[in-house]
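Protein chains in written order, with numbering that gives the first Met the number 0: chain V, 0 to 516; chain F, 0 to 300.
Hints were generated in silico from the structure; no laboratory data involved. Note that this is a predicted model, so its numbers are computed, not measured. Treat the hints with caution; some may be incorrect.
Unchecked claim - Pairs of lysine-lysine, DSBU-like flavour, derived with a Cα cap of 30 Å: (1) F:Lys229 <-> F:Lys175; (2) F:Lys175 <-> V:Lys429; (3) V:Lys228 <-> V:Lys182; (4) V:Lys225 <-> V:Lys515; (5) F:Lys45 <-> V:Lys515; (6) V:Lys228 <-> V:Lys239; (7) F:Lys175 <-> F:Lys45; (8) F:Lys45 <-> V:Lys429; (9) V:Lys225 <-> V:Lys239.
What the hints assert, rightly or not - Distance ranges between label pairs, derived from CB positions: (10) F:Asp123 <-> V:Ala144: 42 to 52 Å; (11) V:Ala144 <-> F:Pro222: 52 to 62 Å; (12) F:Gln178 <-> V:Leu481: 44 to 54 Å; (13) V:Gln44 <-> F:Pro222: 56 to 66 Å; (14) V:Leu483 <-> F:Asp117: 29 to 39 Å; (15) F:Pro104 <-> V:Glu57: 21 to 31 Å; (16) V:Leu483 <-> F:Gln178: 30 to 40 Å; (17) V:Leu483 <-> F:Asp123: 51 to 61 Å; (18) F:Ala255 <-> V:Ala148: 37 to 47 Å; (19) F:Gly193 <-> V:Thr277: 45 to 55 Å; (20) F:Ala163 <-> V:Glu50: 30 to 40 Å; (21) V:Val185 <-> F:Met126: 52 to 62 Å.
By construction, the Cβ of each residue, glycine as well, lies at the ideal position given by its N, Cα and C atoms.
These are the residues of each chain, in order.
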Amino acid sequence: MFHSHLRTFVRAICIASAIFASPLYAQESPDVQSQILQIQASLKQIKSDYEQRINALEQQVTQLKLENRQLAHQAHSPVVMTAFASKAPPAPASPAQQRVAKAETLEESIVNKAPPPAAATPEGFPNLGGPSHGISLDAELILDAKYAAQSQNPSNPAAGWLPSGSEGIPRGLSIGETELAFKGSVDNLFRAEARFVFEQTGNNTGIRTEEVYAETLGLPWGTKVKAGKYWSNVGYLNDKHPHEWDFVDLPLAYNTFFGGQLNETGAQLSWVAPTDDTLIKLGGEIAQGSNVYPGSFNGNYNQNKPRLGTVFAKAGGDVGTSHSWQGGVSYIRSTTGSNADNQANYQLTNNNSLLFNGGNTTWLADFVYRWAPEGDATSQNLKWQTEVFLNNQGGAMTCSNKDNDCGNGTNYNNHQQGLYSQAIYQFIPKWRVGYRYDRIYSGNSLYGLPASALTGSQIQSGWSPYRNSLMMDWANSEFSLLRLQLARDNVFGSGIYNNQIYLQYIMTLGAHGSHKY
Amino acid sequence: MTSIKKLAFSLLLALAAPLVHADLKVFATVPEWGALAETLGGDKVKVYTATTALQDAHRIQARPSLIAQARSTNLLVATGASLEAGWLPTVQREANNPAIGTGQPGYFVASEYVRMLDVPATVDRSMGDVHAEGNPHIQTDPRNLLPIASALSKRMAQLDPDNAAYYRARGEQFQKDWQSNLQRWQTQAAPLRGVKVWYQHDGYAYMNQWLGLNRIGFLEPIPGVEPSTKQLSDVLQRQQSLQGRMVIASAYMNDAPSRWLSEKANIPEVVLPFTVGGNAQARTLNGLYDDTINRLLAGLK
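Isolated chain F (complex conformation) (with noise of 0.2 Å):
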């Protein structure tokens, strides 16, 4: 009997006691927090993305798989602004899983540390998917993983403190290196800007800043919502008068809208990675705006 008891307590102890690893484990909710959750943890970490490219990181489901993965994570890094709203919370809750909770350490949240943009006066479901902290896709200005890099790096000394040496030395590699891309990248973007502009979608509001592109408008008549046929003639239309260079679209979305413009109206259009792995040259962080900023230049000629 007691035999017994001893193997079904031990067996107990076993599922239950958490699982004793050198590694922080880490779930980024999109591949950009992913991508530079590895950098910066180097093979300290071992990252789970919950999400490929190729959806949308506003309309998934919470899956069984994301509650398994959320069960054991140590550091949970999201963007915030409810980009993840619609699935998030319920993974967070599912996973029984205090370490992640909202409040914790573990969970990090990319967009408290930076400034952010479009953030409206008032906030009315009229209006369409607007979120009240500002659009989301902060991933598009790559000036704003400096901040947010350094907030990872700290992050991960604080849950990991065995190897926060580690992870100073690599967040302060992944600052050096990043300002020298940046220098390029200003560099090689110089001839973008004041270029007139379409987006399909709302995504780029950061990138727009960066680059100092002129947004002429959007194919969507309110963030999420697609556009009529009327409501694209109305922008064809439009165009005549403010002769846009191109239209840009996401690899994440249907691009028929972009596509029609471009066809009716003869301008490039751009379909840009929008995060790693959105495209074969995008695999990266340093790739993912490499080739952004190639697709825009090449749209130009």
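Pulled out of the complex, with its shape left as it was, chain V reads as follows (with noise of 0.2 Å):
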């Protein structure tokens, strides 16, 4: 019974909530509608609020999804982020902590505790920005420690060449280079990296800025375009870092003719062609010419026109699964240009001084072939490499000595060779062998001079050193690697050898390394 009257009761309520409230009333009644608009407006007034609290409750999320991130980044790359990001906080301890500072973001952190992944069907795009990962600027830090025994010294000068400005490893322990390198996208079209080197010699530290440079990372056609200081791309040795060397050191050619390798400030303008199996590139670089490439052997040039250009070709592609290859053709030419203060200054040894003024042009060719069983390097690996270069200093030399003159020379042409060839071979795992062959060709010049000139010096007659060097190598994993390397070379003079051995090791920290072919 009192349910048949309640019934009837919400009826009524019903029926009169529907007459009261329909417009067709409403207008009847100027009353009624007021209050309506007041309603109106009240409900506006708690949505403006609510969206106001939405907001709110979005800006913290992002806020916390921010902060979740930092924590993220600092857990996953601790050697970048504890020296670098000065505003995260300190790292979390506890492993509760952890677990929350791995995740990425907020809804990680919820799906973590999910169901399996079918269940937890992620769709459509993720931002694309890529993960996640907050600022990314890869830090690495590389450590090259050797042991060096010489027959001879090594900082004696090579016989038969004008010096080139290389340095020899020194004997005894040495620590050698530390090589620091930050790198990563600056934006949407820029990326940059700077590498700087620790050098210890004795008891001093020096620091020397080994490649600092941006490129560019959104011009169209296959085009790229590279500034600041850096490796120059000519040859296939020359872009090389010491620690992806497969020797102790450089071969004869590159100390002899770079001074080490080509290392310049200035600009680099390279294309890939749209080829889809085998790669052409082209490029070239115009450079201060500040460096030790012997026509513009000079630190000091202190002019608006850059005096180094580079022009370079490359190709490679495979044959089969198991076979690649790369080579190339470079070609490199400077000149010291006519102001006196830059012209290139050769020490000899019997204290005269060369001044050169002219120009040098270096044909470089190379190429590599690499051969691993089914494209896999895992376990087994070869790879061979050979270079050669033309050499050519044309110009004139003014001798000149504290005590007296010692001669103007008339207009020379020096024509120069030098070639290496190694082969590295991984037998198993871990374990690498190596050889290489080295050789380099001085003709006989007396570079337009008179022959009293150069009496009694390093360059009184010309000579053709070789040398032989044998490794083996261990790497325990890609960021380790310890180096037995034996060789014995006639730099310093015919009958004068020079009988090495060097133990190395090569560490690396910080963030994964990719290196190129």
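Two chains, two separate frames, one set of hints: put the complex together.
If you want it as structure tokens, here you go:
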């Protein structure tokens, strides 16, 4: 009975409210209409209130995500972040906190507790900024320590050649070069990289800028511009960092013609052809020419006009799945400029110094062949590389001496050549052996000077030394390497052999390196 | 003179202009994404797969041919999670192709669409080849292909809007087919639930979870490091009490440690294809999971 009464009552209220709320009735009674307006206004007020609250909440969520991401990044790359993320709070200590830290976003930390992947199906696009790992600045620290025993003093001058500025490996224990690199995208259009080298000489540590450059990421038609200080893209070995070398030292030809590696401050334009299977790459560089390249052997070049230029072409591809190759031809040209301040200055061991005015041209051909069974280099692989240098220095020398004038030379052209060939064979996982043959040909030039100017110096006559090197290395992982190298050369003159034993380790910390071919 | 200039100019244009193709050129880092891209893109895509099932995707050299292929690619499909960290950044940079740079729509990272397993709380290199982002071998659980395929279809449609309807249709068809495949595989694989297995390498975290296998340990002491004889003997010792039913290796790696344990403990060695093309039966995506389950079931007998 009570139920039926209640039902009737509810029905009556429903009908009444339907009638009262109907617009027809509302039009007839302005009082009700104003009430409705009031209700509408208050609804609007409520709506905007909630909108504001939701906005605030959204902002909080974004803020939290950002913080979480920073924490996550800290957990991901401890080496980088502890040193450089000044804004990030100290590393969380408890396991629970760490678990929060590793989750990249709030969503992920929620998803991590959710059922298996099929159930948690993320749909559509994430933001197109790639994985959210905070600001990407990769840091890499490379340690390189050596022990060297040599039967000759490596700081003696090489016979038959003008000093090239390259340095031998010191005898005994040395830590050589410690390399610190930072790299990352600047924004959507630029990427930058900086590498500094801490050089230990005796008890002194010096810092050298090895590479500092920016390059484009967005140029069309397969082009790219790179500018700053960098290792030139000429040849094959020239742009490889010391930790990528297969031997402790550089080939003689690099030391002699480039004074190490051609590393210049300048700009590079490169183009990759739109081919599918065979890589074709062309490029050119202009550079200030203040490094040790023979035609510009003077660090004080103070002119508007860059004085070094290169042009290079490379091609490469696969033959089947197990073989790959790359070959290239490069041309390098520099001039000293006519200003006396910019001349190259060579110190001879007979206390004469030679001032060079002219230019230098190098043609460089390189070829690399690699074998990896089925394209998998993990257990076994072979790498053969060879490079040939044709060098021509042309111009005039002036001989000077603090006591007397030792002569003005006439124009000369000195043709020199160099080559090396090396093979590295990984016969079982982690273990590699390698052999390298080196030879450089000086020619027999008087550099346009009277013979007396050169008497008693290292270039009294030409000398074409050779070197044989054997190496074996063991890499526990891609980040550590121990190497033993035996070598014998006669760069200090006829019949003067330098027998060398090197022990080296290379340790890489930080960001995962991605190496070139 | 002007005709030479014209000729040179047109030659330059011909060389420099991006190839006008109706096709979407896809560069897949590993075979599973190559196969998926072919399935989803049909005849509207041209797929290049950078590695084979016999290669370790970790340790690929940035060969000139890879750079040449990446130069005119519209869509780069990678696993991510640092699987390709040793070579892909070089390929992306050297190819001078802005379309496939990090953060561009032309760079598709599959691991962004699935829930990652084995995400470590801390990463230290002394732990071996551990990935901060989690275990990258996401293809070993076919359920992961549903969200990845859905996102990849959409990405193809975004990059090639003229064929958007085509990609959508194929994408929907794939989802349907895959759901029924999953049903079938899960039914077939039911006897594998709870089975104790050894793994040579930590490559099957997702499969292990999918099939409910009981992972009792790895032969590798830390990821990416081959076990020594001593470490293998320890595993054999533990096998006495743990009683694993089989040891699982992959087609792409040297399975000597697994063979050794198989002989010593007298349990079957199961060499799984790991990805598309890992063996003669795993030529397609379907074949990959069919063969994986068949081999595991055969290991039970």
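> Okay, which hints does this one fail, numbers in order?
Replying inline: 1, 2, 8, 10, 11, 16, 17, 21
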